[in-house]
Amino acid sequence: MAATFYRDLAEIVTLSLEVSLGAVVLAALLAVPLGAVLALGRFRGRGALVLLVNAAMGLPPVVVGLGLYLLFSRAGPLGPLGLLYTPAAMIIAQTILVIPIIASFTRETVEGLAAEYGDMLAVLRAGFGQRLLTLLVEARPALLTAILAGLGRALSEVGAVMIVGGNIAHYTRVMTTAITLETSKGNLALAMALGGILLTLALGLNLAVGLIRERMQEPTHA
Amino acid sequence: MPDRVVPLRPAASEAEGGETPICRLDRVSLERGGRRLLERIDMAIPRGRISVLLGPNGAGKSLALRLIAGLETPSGGTLTLAPGLEAKHVGLVLQQPVFLRRSVHANLAHALALAGTPRRERVGRIAELLVRADLAHAAARPARALSGGEQQRLAIVRALALEPRLLLLDEPTSSLDPQATRAVEALIGEIRNEGTTILLVTHDVAQARRLAERVIFLADGRVRESGPADSFFDAPRSRAAAAYLEGRLPEEAGDAPHS
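Which chain is which? The protein sequence lines are A and B, in order.
If you're matching positions, the first sequence starts at 295 in the numbering used here and goes up one per residue.
If you're matching positions, the second sequence starts at 2 in the numbering used here and goes up one per residue.
It should be emphasised that the hints constitute simulated quantities derived from the structure, not laboratory data.
Among the clues, some could well be false.
[Unchecked claim] Taking CB as the label site, the calculated pair distances span:
| no. | chain 1 | residue 1 | chain 2 | residue 2 | range |
| --- | --- | --- | --- | --- | --- |
| 1 | A | ALA496 | B | VAL132 | 17 to 27 Å |
| 2 | B | ALA236 | A | ARG340 | 13 to 23 Å |
| 3 | B | ASP135 | A | ARG434 | 53 to 63 Å |
| 4 | B | GLU164 | A | LEU493 | 33 to 43 Å |
| 5 | A | LEU323 | B | PRO179 | 49 to 59 Å |
| 6 | B | ASN194 | A | ALA342 | 38 to 48 Å |
| 7 | A | GLN424 | B | THR74 | 47 to 57 Å |
| 8 | B | VAL132 | A | ALA409 | 40 to 50 Å |
| 9 | B | ARG121 | A | THR474 | 57 to 67 Å |
Every residue gets a Cβ at the ideal spot worked out from N, C-alpha and C, and that includes glycine.
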């Protein structure tokens, strides 16, 4: 009993981390360039896109799950890919939830830095690519906090992974969906153990975000 | 002749006479929000000299500098750089220099990277620039933690990383104590002696006397007078400049004729 308990626990925690970390890496690869383009680009519809990305931070996970379910279900347009009830579908769902967070953070930070460094970079005759690179390098601490905040959101959401993952034991069961199920079954020991781990991770991530932000306030650091 | 921090060698153009200026402005105007901030400015910056753009606050001096650096677009008139010169040959040091939140060394490395200096040459160039700025001891310190004078010197050598032919300096010593001011002025004199043309903006008459070989006097967005420094300080021809040199507000002098 005890051995199975710990094995299940480890398996669930590992899958949670794999899915959420995968989603955050994927989201960062897409959202950082998106945020930077929104910050520096001058094109029609930019303002609307900025509003849209900001609004998308409030996407209800359940609705994202439902939308993907319709896409991935056997009769859906992407049905043939066979993604429904796989960890891949869960990663996609969480990626969609995390992109707005990272993109919006990136845009805000890069825009602020562009105002601060605009004249300096113009005087140093930096081209567009050089400007972008300089600003992203300077934005690293802020980008890290955005990524950690995104990881926090991914790890603690239930709705999307429940719908597209299906909460299948040993395959798509993650911390949040396991807690939901075990609580309803009355298996409070596993639910509480997972709850404790999730709580520690989520609080730890937010603590890290807070500490990095505090450090960023300092006017000078090497 | 005022006491110079660094004795200035005769400029190359002195012997050759009427050489083309490194930069000239012909009837350049700048409008912003319906207001004329610069009004049909004529200006010729002679090669190899220190020209000083002198005038009261709000005269449009900094704006003229930004315009020459290509950071502003004139709404009228023409800005001409000498043949073979491009915007990238014009360096500008802003009044409040901004540095990356990194070390002195990293800031210079960044500027050299932007300037396209080959990687293997950068270390040597950084060492050279640090010595020029007298900042070799501070290479590892965060640039933003430097004193005002150190920041100005760093900003000036950072501009040198791009090997400018014309260096524009916007009130480089406005917030510095006399000692730090002398160090910055000495650096400016050295750069000029190496053949880089300098255009310096200041509202400080004493500094203009110490550094200027040529003076352009600007008030209310207009050039009121320009000419060799000695004759400007000894016998200003415009009433606005005379009033300013005496420490009176130029407005009191009324509209002075252009010269």
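For each hint, the structure was consulted:
The given range of 17 to 27 Å is broken by ALA496 of chain A and VAL132 of chain B, whose C-beta atoms sit roughly 52 Å from each other. As the Cβ distance of ALA236 of chain B to ARG340 of chain A is approximately 57 Å, the hint placing it in 13 to 23 Å is violated. As the Cβ distance of ASP135 of chain B to ARG434 of chain A is approximately 31 Å, the hint placing it in 53 to 63 Å is violated. Against the hinted window of 33 to 43 Å, the Cβ-Cβ separation of GLU164 of chain B and LEU493 of chain A comes to about 58 Å, which falls outside the hint.
Checked against the hint of 49 to 59 Å, the C-beta distance between LEU323 of chain A and PRO179 of chain B comes to roughly 54 Å, which is consistent with it. Checked against the given bound of 38 to 48 Å, the beta carbons of ASN194 of chain B and ALA342 of chain A, roughly 56 Å apart, lie outside it. The given range of 47 to 57 Å is broken by GLN424 of chain A and THR74 of chain B, whose C-beta atoms sit roughly 22 Å from each other. As the Cβ distance of VAL132 of chain B to ALA409 of chain A is approximately 33 Å, the hint placing it in 40 to 50 Å is violated.
The hinted window of 57 to 67 Å between ARG121 of chain B and THR474 of chain A holds, with their beta carbons roughly 60 Å apart.
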